[in-house]
Amino acid sequence: MEFISSFSNGNFSFARTMLFPAGNLTPKRGDFALMPLAQLCDVRLELGRRPVLTGLDLIVEAGERVGIAGPNGVGKTTLLSVLATLRPPAGGDGQVLGARLGSEAAYAVRPRIGWSGHEPALYDELTLADNLAHFARLAGKDGSRAEALLGDVGLAGVARRRARFCSNGMRRRADLARLLMTDPELVLLDEAHAGLDADAVVIVDVICRRAIAGGGAVVMVSHDAAGLTHQVDRVVTMVNGRLVP
Amino acid sequence: MRFWSQVREVARRDLLAEQRAGEVVSIVIPFGAVALMAFPLALGIDSAVISRVGPAVFWVVTLLFTMQIALRNSASDRPAHRAVLALLGVDPLARLLGRSLASAVLIGIFMAVLFPLMVLFYTPDLPRGWPAALIPAALSGIGLAEVATLAAELTAGLRTRSTLAPLIVAPLAIPLLIGASQAMESLAVGGSILPWVVLVTATDLALAVISALIARPLEEASL
Numbered sequence: 001m002e003f004i005s006s007f008s009n010g011n012f013s014f015a016r017t018m019l020f021p022a023g024n025l026t027p028k029r030g031d032f033a034l035m036p037l038a039q040l041c042d043v044r045l046e047l048g049r050r051p052v053l054t055g056l057d058l059i060v061e062a063g064e065r066v067g068i069a070g071p072n073g074v075g076k077t078t079l080l081s082v083l084a085t086l087r088p089p090a091g092g093d094g095q096v097l098g099a100r101l102g103s104e105a106a107y108a109v110r111p112r113i114g115w116s117g118h119e120p121a122l123y124d125e126l127t128l129a130d131n132l133a134h135f136a137r138l139a140g141k142d143g144s145r146a147e148a149l150l151g152d153v154g155l156a157g158v159a160r161r162r163a164r165f166c167s168n169g170m171r172r173r174a175d176l177a178r179l180l181m182t183d184p185e186l187v188l189l190d191e192a193h194a195g196l197d198a199d200a201v202v203i204v205d206v207i208c209r210r211a212i213a214g215g216g217a218v219v220m221v222s223h224d225a226a227g228l229t230h231q232v233d234r235v236v237t238m239v240n241g242r243l244v245p
Numbered sequence: 246m247r248f249w250s251q252v253r254e255v256a257r258r259d260l261l262a263e264q265r266a267g268e269v270v271s272i273v274i275p276f277g278a279v280a281l282m283a284f285p286l287a288l289g290i291d292s293a294v295i296s297r298v299g300p301a302v303f304w305v306v307t308l309l310f311t312m313q314i315a316l317r318n319s320a321s322d323r324p325a326h327r328a329v330l331a332l333l334g335v336d337p338l339a340r341l342l343g344r345s346l347a348s349a350v351l352i353g354i355f356m357a358v359l360f361p362l363m364v365l366f367y368t369p370d371l372p373r374g375w376p377a378a379l380i381p382a383a384l385s386g387i388g389l390a391e392v393a394t395l396a397a398e399l400t401a402g403l404r405t406r407s408t409l410a411p412l413i414v415a416p417l418a419i420p421l422l423i424g425a426s427q428a429m430e431s432l433a434v435g436g437s438i439l440p441w442v443v444l445v446t447a448t449d450l451a452l453a454v455i456s457a458l459i460a461r462p463l464e465e466a467s468l
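Protein sequence lines, in the order shown, are assigned to chains Y and X.
Residue numbering for the first sequence follows our numbering, beginning at 1 and increasing consecutively.
Residue numbering for the second sequence follows our numbering, beginning at 246 and increasing consecutively.
To be clear, the hints were calculated from the coordinates, so they are not data collected in a lab.
Beta carbons are placed, not taken as given, at the ideal position from N, Cα and C, and that holds for glycine.
A hint or two may mislead.
With the Cβ distance kept under 7 Å, some of the chain X side facing chain Y (calculated, not the full set) [stated by the list, open to error]:
1. R265
2. A325
3. L333
4. L463
5. A466
6. S467
7. L468
Could you build all of it, start to finish, from the sequences and the hints given here?
Structural data, given as structure tokens:
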């Protein structure tokens, strides 16, 4: 009973201890039948001296698509960076994929998280195929699939073009191809549909469906609350560094 | 095993980007050659002085242009790159070593082009057995790449990067320059280069240890 109530009252540390008594044991894909895939509890974070996250609570269940809406500068991207384990919270607590934020275990779950931000992470002097193959090899995957994956996102004709000579839409598609390649469990999308045409929006949907089918989850942030409602299961709004339903 | 394949992959990417951008080959090396030629013009027509200072000028020019090589645009990671590399599970030390390795190769090319030019312009009296001095020279090139990469990472994203990075490199590079230049002097007087090889090797190892210690905190701070 205490185990179940620990989720409902936001205090998940007891539940985590029950599920992962050694603390550093990292659950594998599909182990989230009882535990949220990600959970933030009273998370606070400042950038410089400016408070950005001010006691933020969020639960992301496996198989869920969560949309976070809010105006520019409200802290949506910062929230994604916390969920990506890239920024440890200054206050509060949280876990992502079973790893406590700020702990050593958080490094181990990073490869199971996929992030596509508003700036595509491509090296300008490398071709799109070179970029994708490079990321594949760094992740310990087969780099020879790069051109085929670029074909899957409609970039077969420009796979050998340097990234600096590609349009922003092409670069965004190539960034999405990286997510197809790494097949992440937790997908974090920052303004995912910005600069994408209708065909590319379908790619975003495929990535989300694959994550959900694999027992994962998707968190999308956007300034466009109306647009988000068609893409996700529920939308929460970010106001003054907190989330409101 | 995965660590070293990541080191190799980062170095490969940096060299491929440099091959396409041509910053070092088409800009830094020609500019370095011009700087090397400018010194004799400033020193006048005293050929004995020019001949004497040639190796020292070569090392000063190499140090100055090492920063240009380490700070080249094609080798800079934007925040989005850093985030993706972290999420791909790239070891921060592998990223730092890979970057150092690529810079070491480019510094080696820089030195290989400028050394014959120095011999041509300055006509120094190269001692017998001077090729042995290539060992401390190569080790100094590796050390310069390490320290310059560290400085480039420490100053990444700062507005004062281009001035701050050389300020970090200059004092740390002193043992490398002393070791490389004094090895040649030792050969000229019939001495051994071993103490200078030890000095440069110890500096290289110390820089590697510093890199290992600060790679992760440095990366986490930059995310």
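So, going through the hints one by one against the coordinates:
1. R265: Where the cut-off is 7 Å and the nearest Cβ of chain Y is about 4 Å from X/R265, the hint holds.
2. A325: Since chain Y brings a Cβ to about 4 Å from X/A325, closer than 7 Å, the hint holds.
3. L333: At about 5 Å, which falls below the 7 Å cut-off, the nearest Cβ of chain Y leaves the hint on X/L333 intact, so it holds.
4. L463: Violated. Min distance 14 Å.
5. A466: 11 Å, violated
6. S467: 10 Å, violated
7. L468: Since the shortest Cβ distance to chain Y is 4 Å, the answer is holds.
The structure does not agree with the numbered hints 4, 5 and 6 stated previously, though it agrees with the rest.
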